[in-house]
Amino acid sequence: MVKQTVIATTGNSLVAEAFRQCAPDVVAAYPITPQTAIVEDFAKFVAQGRVHTEYVCVESEHSALSACVGASAAGARVMTATSSQGLAYMWEQLHIAAGLRLPIVMANANRALAAPINIHCDHSDIMGARDTGWIIYFAETAQEAYDNTLMALRVAEHPDVKLPVFTTLDGFITTHTIDRAEIMDDESVSAFVGQYEPENALLDIENPTSHGNFASLGGTYFEFKKAQREAIERSRSVIKDIGDEFSKLSGRPFDVVEGFGMDDAEIAIVTIGSTAGNARHVARELRAKGVKAGVLKVRVFRPFPSAELAAALKGVKAVAVLDRSESFGADGGPLSLEVKTALYDAENRPMVIDYIYGLGGADVKLELINQVFDDLTDLADGVTKPSGLVYLGAR
Amino acid sequence: MANIKELSRREDRLAGGHRLCAGCGASIAVRQILLGAGTEPVVAGCATGCLEVSTTIYPYTSWKTPFIHNAFENSSATISGVEAAFKGLKAAGKIPADKKVKFVAFGGDGGTYDIGLQALSGAMERGHDMVYVCYDNGAYMNTGIQRSSATPFGAWATTAEVGKAQQGKTQRRKDLTSIIAAHGVPYAAQASVSHWKDLTAKAEKAFAVDGPAFLNVLAPCPRGWRTKPEDTIQIAKAAVQTGFWPCFEVEDGEWRMTVNVRERKPIEEFLKPQGRFKHLFTPENAELLSAVQAEVDRYWNYVEKRCNCG
Chain A
19 MVKQTVIATT GNSLVAEAFR QCAPDVVAAY PITPQTAIVE DFAKFVAQGR VHTEYVCVES
79 EHSALSACVG ASAAGARVMT ATSSQGLAYM WEQLHIAAGL RLPIVMANAN RALAAPINIH
139 CDHSDIMGAR DTGWIIYFAE TAQEAYDNTL MALRVAEHPD VKLPVFTTLD GFITTHTIDR
199 AEIMDDESVS AFVGQYEPEN ALLDIENPTS HGNFASLGGT YFEFKKAQRE AIERSRSVIK
259 DIGDEFSKLS GRPFDVVEGF GMDDAEIAIV TIGSTAGNAR HVARELRAKG VKAGVLKVRV
319 FRPFPSAELA AALKGVKAVA VLDRSESFGA DGGPLSLEVK TALYDAENRP MVIDYIYGLG
379 GADVKLELIN QVFDDLTDLA DGVTKPSGLV YLGAR
Chain B
159 MANIKELSRR EDRLAGGHRL CAGCGASIAV RQILLGAGTE PVVAGCATGC LEVSTTIYPY
219 TSWKTPFIHN AFENSSATIS GVEAAFKGLK AAGKIPADKK VKFVAFGGDG GTYDIGLQAL
279 SGAMERGHDM VYVCYDNGAY MNTGIQRSSA TPFGAWATTA EVGKAQQGKT QRRKDLTSII
339 AAHGVPYAAQ ASVSHWKDLT AKAEKAFAVD GPAFLNVLAP CPRGWRTKPE DTIQIAKAAV
399 QTGFWPCFEV EDGEWRMTVN VRERKPIEEF LKPQGRFKHL FTPENAELLS AVQAEVDRYW
459 NYVEKRCNCG
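Chains as they are written, first to last, in our numbering: chain A, 19 to 413; chain B, 159 to 468.
Only chain A is shown next, with the shape it has when bound in the complex (with noise of 0.2 angstroms):
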């Protein structure tokens, strides 16, 4: 383990600092709220000579994306950051970056996308990245935040990866209020990120490569595809492995499931991001009173980690899915369909229910949780039957 010293900011200021740790090449990014104070802070560090990294104030986050992928296909460490409307901005440039295997790390504060116009934190701008071919990590709070940064560079240069990575932290929740946190000194992130090696880079003069090449006959754009297929997959043991080595180093847990109260657990929520805390708190205090109540935080969300979700969930009767994103028209918002998905062929498969929550940053009371867990009880003891979506704490 290596000496971390304790600090207390936002989360915000934690991603900043861990960008700053990894030394970029080039950051280019757009300020939009609630992730502003990334860029902020980063162009504070830039001013005070702290980092190398030639910092790019584009005019809009389309342009934010598509520099980083100049500059990640010319061979530089690029990272950037947006939220919300910027992302569904850069949604064309998403597919681009990992379409072109360029190992791009964006932190994404997540928020609800208009209309009506909203600041707050929902999974609705991250969730419609889902299909893009990027890695996408949650944090729950501002210490995952920064370790997942560290981590998903790591991931994203992996000469068997080369992929984009998001790190997500919810808007206002994480990235605003402050929270305790270990970081670790320059010299161990250094260590632990080490330097970027590119192949095929557009600098290498001496031996010209042409990129983003037309690939529309004979099949080979699905070629192509099937290439970004294998890296993803790929990726899941490359997640593990850099999250053990992570693990050792700083002592903190890593998984891309991290379950509490699991082992016996006969009822359990599912969830992601910042709501995790609170429902592990309101089933410890169940646990108090012997009820068997677990919870499952979903890590890392692409690739989905669906065989130890499946392995978690084994012998649980009842489960709830906490969504904080709509998916309008399907059975349940994203996260429920794919543990459904995780859980078809599984043995013994468990109840689910999807509760559609929080959306545009409303209140996730610890009474709405107690709700959800009252449920789970009401269908494990077969008292009631599943009963499709449930808008919970909505009007």
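Calculated directly from the structure, the hints in this document are not laboratory data.
What you were told as hints is all true, and nothing was included just to trick you.
With a cut-off of at most 25 angstroms between alpha-carbon atoms, the simulated DMTMM-like pairs for lysine to aspartate or glutamate come out as follows:
hint	chain 1	residue 1	chain 2	residue 2
1	B	K252	A	D178
2	B	K245	A	E224
3	A	K266	A	D204
4	B	K245	B	D287
5	B	K257	A	E217
6	B	K222	A	E215
Mind docking chain B on chain A? Use the hints.
Just chain B now, kept in the frame of chain A:
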């Protein structure tokens, strides 16, 4: 400036055997501009469009220099990133501090005047050391001759049709070169593939300046203009001689006409050989034809005035 003998000795960075149409102005523009880069290494970017599609069919490439295509609207933003990487890698000591590389981004008029204008404006304002080249053929030619904001007033396009109620494009062409010049970039110019000396000299200047430079190059499209492939240069020349396409440059805010047209020819000489203007020559459209001439005069006078006033 290099003479033709010197230019002929320079390496062609766009290989033959690409799949652009015979007579396409784009490849002529690219070759002339890359010759202007001299012997220094060049990284080229390109917007989605004919030039990209026809030169990079996987697993082949016609680019004998590092090349990147990203999307339709962001050639300028992409090359911004490449240039930033060059600086960042130098700052990190991963590239020698004295290493010299030139950066150029190409886009057609659709990817430049229209969907790419924001990204281009951003790149020019930020001051990246790059040359942006618009090869202007006056329409979305890659998708089949739809009007762009570079399409001249009165021209036919598949989205500015000719019929009982409408006679081609009803709006004037956007003056992109002035827009970019207004950014205060060190160098902005308008040139034509027909005037190779003027164009290569401008390319040399554009590559030589420290900071962003912009070239708007008239590059006829035989398919879209409804002209014979062998007439490309002749028609581009007519565009200059009639004053439709004034060749000028703006160097540190100083405007200068670079091709002197002593006596402008009537616009008919540019329009007549092109199928996209044939409706202008019917008796009932005589007034429209005069309006086209008036629009050409207006723009010419504007540029001339700017050049004379400095």
